[in-house]
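Undergrad: Respectively, the protein sequence lines represent chains A, B and C.
Under my numbering, the letters of the first sequence match residues 1 to 170, in that order.
Under my numbering, the letters of the second sequence match residues 1001 to 1492, in that order.
Under my numbering, the letters of the third sequence match residues 2001 to 2105, in that order.
One or more hints might be untrue.
[As the list claims (entries may be wrong)] Simulated DEER-style distance windows between Cβ atoms:
1. B/1463 x C/2092: 25 to 31 Å
2. C/2091 x A/156: 20 to 26 Å
3. B/1278 x A/63: 38 to 44 Å
4. C/2092 x B/1064: 27 to 33 Å
5. A/62 x B/1413: 55 to 61 Å
6. A/63 x B/1383: 34 to 40 Å
[Unchecked claim] Straight-line C-alpha distance at most 20 Å; calculated SDA-like pairs for lysine to any residue:
7. A/140 x B/1195
8. B/1459 x B/1378
9. A/140 x B/1005
10. B/1038 x A/160
What the hints contain is simulated information worked out from the structure, not anything from laboratory work.
Don't be surprised by glycine CBs; every beta carbon is placed ideally from N, CA and C.
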Amino acid sequence: MELAIFIITALIALVGAGAMIMSRNAVHSALFLLLNFAAIAILYLLLRAPFLFAVQLIVYTGAIMVLFLFVVMLLGAERAEDERDAIAWQKPLAIGLSVILFIEALIVSFRNGFAALPELSAEAEQIGAPETIGQVLFSKYLLPFEITSIILLVAIIGVIVLNQRRKTVS
Amino acid sequence: MIQPPQIDFSVIGALTVLCVWGIALLLIDAFFIAEGQKRVTGYLALAGLAVAALVGLPSWGQSSNTFSGMVQLDGFSQTLIWIFLLAAAITIVISLDYLPRHDIEKGEYYPLVLFATAGMVLLAQSTNLIVMFLAIELVSIPLYILAGFAYPRVTSEEAAMKYLLLGAFASGFFVYGLALIYGQTGTVQLFSVDGSDSIASYLDRATLVAENNVFLFAGSALILVTLGFKVALVPFHNWTPDVYEGSPTPIAAFMSVGTKGAAFAALLRFLVQALPNLQAIWMPILAILAALTMIVGNIGALKQLNVKRMLAYSSVGHAGYITLAVITGTTLGTNAFLFYILAYTLTNLGAFAVLIALEKQGESAWSLEDLSGLWQRQPLLAVAMAIFMLSLAGVPPTMGFVGKFYIFSAAWEGGLVWLAAIGVITSAISAFFYLRIIARMFMYEPTRAEEASLSRALKVGLAVAAVAVLLLGLIPTPIIELVNNSLLVAAR
Amino acid sequence: MTQAVSLEYVLIVAAALFCIGLFGALARRNLISMLMGIELMLNAVNINLVAFWRYLEPSYVTGQVFVLFIIAVAAAEAAVGLAMVIAVYRSRTTLQADEVDSLKG
């Protein structure tokens, strides 16, 4: 059962990602990516990480992708890319790179004999809970957490600075 | 109940000062400093940098860590912190007049420089891959924004976009590497003093059979790619000329010394502290990359007629020399690394400052032609530029010479004789294009009538850099003593 | 759980998504699509981290904490990237990467 759910979710994620790359319309791309992110959220649930499931849905599908869609539509940039390919060398390179990396990953993964999914004890079940994550975040990983806040602050300033035009453009 | 961790603030003193002062400065700038008075914000930022430098003094020579060993303060990181603070200070000084002259003066500029400096400081101190990742982002994101600061010039937007896309792309590789290493070793701590789990202790335990450690090898390779991109090692160097040319000149200067130094510090920590047992594997690979970087960077610079692009290629070449010091893995190599970073910081910031003096609003005076006859127009500027060019070429009696000598002797003792030989040969090649600039300045007739705009702040910045490069080249002993005392804490 | 999902499968899905993202970031010429490719790469890494946490050391929550940091950084990068896209678009009404090329090297 678990395997069946996993396979279906993984397929949806992969198809979503593939369609994101293939579709020439930026709005379609963004919507496919949304689908992909939702599938990844389900994978988190399957791996018993309910907190990340919620974060993934709220932050990625809810905030980041909406931002993407908003920008695409604001700029009216959803029109199809023209087929003429000025950087023709990039495509074979990208395909080659991707295929090689993927084959490598396949080999790497099958060479390592890892145990199958361990059963979670009742105690371990507690570990994925938001309380535990919060405790670790605010004790051991306090410094990275604070740095993240500075990074987000910098991003906020950046967005304002980059789009604030002077009234006097010479 | 959450137990707040014990924090040793002496370890993260400079980082705390920079972050807190950066945030405070944003507010001060927004509410108290009027449009057109923004250079006051710059002076306040300089004060913050000075405080950050002073808080390091009491704990000099000690070695301690905090946050479960994620950040380390040792002599190595303290010296680097001082170098980064100096680089940031010179960057701000040479920006004070550059910004209004190009009509891009905004108060946010200075806090962003402070945040990027905070990221460099953290990168020099981090002994944990997740902290390293966040530090890289804290360096990069402000610099993406600063690269796009000169927006009336379209090339600035383009440079920023290019830098952001490639930087974000590289971060993707870094975190993938981090995930693989975490999967293999169960930890992302580079090393630990108290013997708790770390990559180094994993390698001590594990038998080094390649099949059992595929994730570790693949992950390390991905992390090396990212750091190689950040320091502009060949073949990950292609972004440098475009980004340096498009960015505002002070920011290009800051990137060429600050980002490079910080990423090299992270590279050194990753190689020497986490993977000392694998030196037999990474040393030959990086030695070849270093050789390629020296050759490609210096040959690329030969062809450039645009001085800013030439300096970008020359910075690629210098990345090769610094790699040479990093991969020896010896104490001598670490000392040579610190000395060279300081020499390069002073020299390169100075050279970019000369370009700033020649730049007028909306036009770029970066071709060789613009330097013709500088001796007759601005003798002092020409002399300063000559000093910087000689130092970059590694001609005595400048700091660049001592730095190169230091690095080549470290490589020689580390058994990398062939690499030291390539270093000497490429230095000789590089002398050609550095001396070409000097010849232009002193032997040609001026082709441009305009006067260079030397403001007081720029004069101060140039004078400090030029005098330091010359003086510390003649009497390098105090700096050599400083770097000799800057010990890197090692796992064993 | 009779038919358990083994770690390999999760890692392969993550690797495939990473490669698709990599391809998207390299091959697409629309700046927004390139950013989307990068977001996909970071998501694939997150799957990896969660899987390693779940299979190898479920008693520490470290892997999940890393995911949170990466999500925060990805959000910051996306925000700055999109702001730049808007700035580029305003000044030249194109988002095709090969038309943004006044810098030649």
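Undergrad: Next step is simple, just say for each hint if it's right about the structure.
TA: Going through the hints against the structure:
| no. | hint | in the structure |
| --- | --- | --- |
| 1 | B/1463 x C/2092: 25 to 31 Å | violated (41 Å) |
| 2 | C/2091 x A/156: 20 to 26 Å | holds (22 Å) |
| 3 | B/1278 x A/63: 38 to 44 Å | holds (41 Å) |
| 4 | C/2092 x B/1064: 27 to 33 Å | violated (52 Å) |
| 5 | A/62 x B/1413: 55 to 61 Å | holds (58 Å) |
| 6 | A/63 x B/1383: 34 to 40 Å | violated (56 Å) |
| 7 | A/140 x B/1195 | holds (17 Å) |
| 8 | B/1459 x B/1378 | holds (12 Å) |
| 9 | A/140 x B/1005 | holds (7 Å) |
| 10 | B/1038 x A/160 | holds (17 Å) |
Hints 1, 4 and 6 from the list above are not met by this structure, while the remaining hints are.
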